[in-house]
Every structure is written in structure tokens, then in C-alpha cells.
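Q: Following our numbering, the numbering of the sequence shown begins with 2 at its first residue and continues without gaps.
Just so you know, these hints were derived from the structure itself, not from any lab. Treat the numbers as computed from the prediction; the structure is a model and nothing was measured. Just so it is clear, CB atoms sit at the ideal spot from N, CA and C, and this is done for glycine as well. Be careful, since some hints might not be right.
Across the chosen pairs, the derived CB separations fall in these ranges [to be verified]: (1) Thr-32 <-> Asn-7: 40 to 50 angstroms; (2) Cys-44 <-> Asn-7: 20 to 30 angstroms; (3) Pro-6 <-> Ser-64: 44 to 54 angstroms; (4) Ala-19 <-> Ile-65: 43 to 53 angstroms.
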Amino acid sequence: MKPFPNSQIPDDLPPKTALALIDLLNGLVNTIWLQYHHELIQCIHEEHNIPPSSQMALRLDDSIEF
Numbered sequence: 002m003k004p005f006p007n008s009q010i011p012d013d014l015p016p017k018t019a020l021a022l023i024d025l026l027n028g029l030v031n032t033i034w035l036q037y038h039h040e041l042i043q044c045i046h047e048e049h050n051i052p053p054s055s056q057m058a059l060r061l062d063d064s065i066e067f
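Let's have the full structure, built from the sequences with the hints guiding it.
A: Below is the structure:
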């Protein structure tokens, strides 16, 4: 993830406005994640040179008894 350029917040920003912005941005992040999580994970792995995880292919609904 790349840093956001010129991300300066005014010193006189009211706390309620700051909270409203946080709520708005969190909602946007959640909406984007729900729609694109597989693609985003792949992009993050590519940016950080992380090989694909073999666990992603594991079936968690198998019938192995313990």
C-alpha cells in the first residue's frame, strides 16, 4: 500500500467532522474489501513479493475426524 500524498489535516478540523470522516472512510474501505478482497489480497502479495499461500487451497469442510 502506498502512502497517500499530501495527507495533511487542518488543525482546526472539528472533532465531530473528523469522526464523520473516519466513519465514511471505514465504510468505504469495508465496501471495497467486500467486493474486491480476492483481487486485493493478490495485489498485496505482488507488492510485497509474497508467494501465494498454499493454505488458500485447503478445504475446511473435509470429513477428517479427530
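Q: Next, verify each hint and record whether it holds.
A: We went through each hint and held it up to the structure:
no.: 1; hint: Thr-32 <-> Asn-7: 40 to 50 angstroms; in the structure: 24 angstroms, violated
no.: 2; hint: Cys-44 <-> Asn-7: 20 to 30 angstroms; in the structure: 23 angstroms, holds
no.: 3; hint: Pro-6 <-> Ser-64: 44 to 54 angstroms; in the structure: 52 angstroms, holds
no.: 4; hint: Ala-19 <-> Ile-65: 43 to 53 angstroms; in the structure: 50 angstroms, holds
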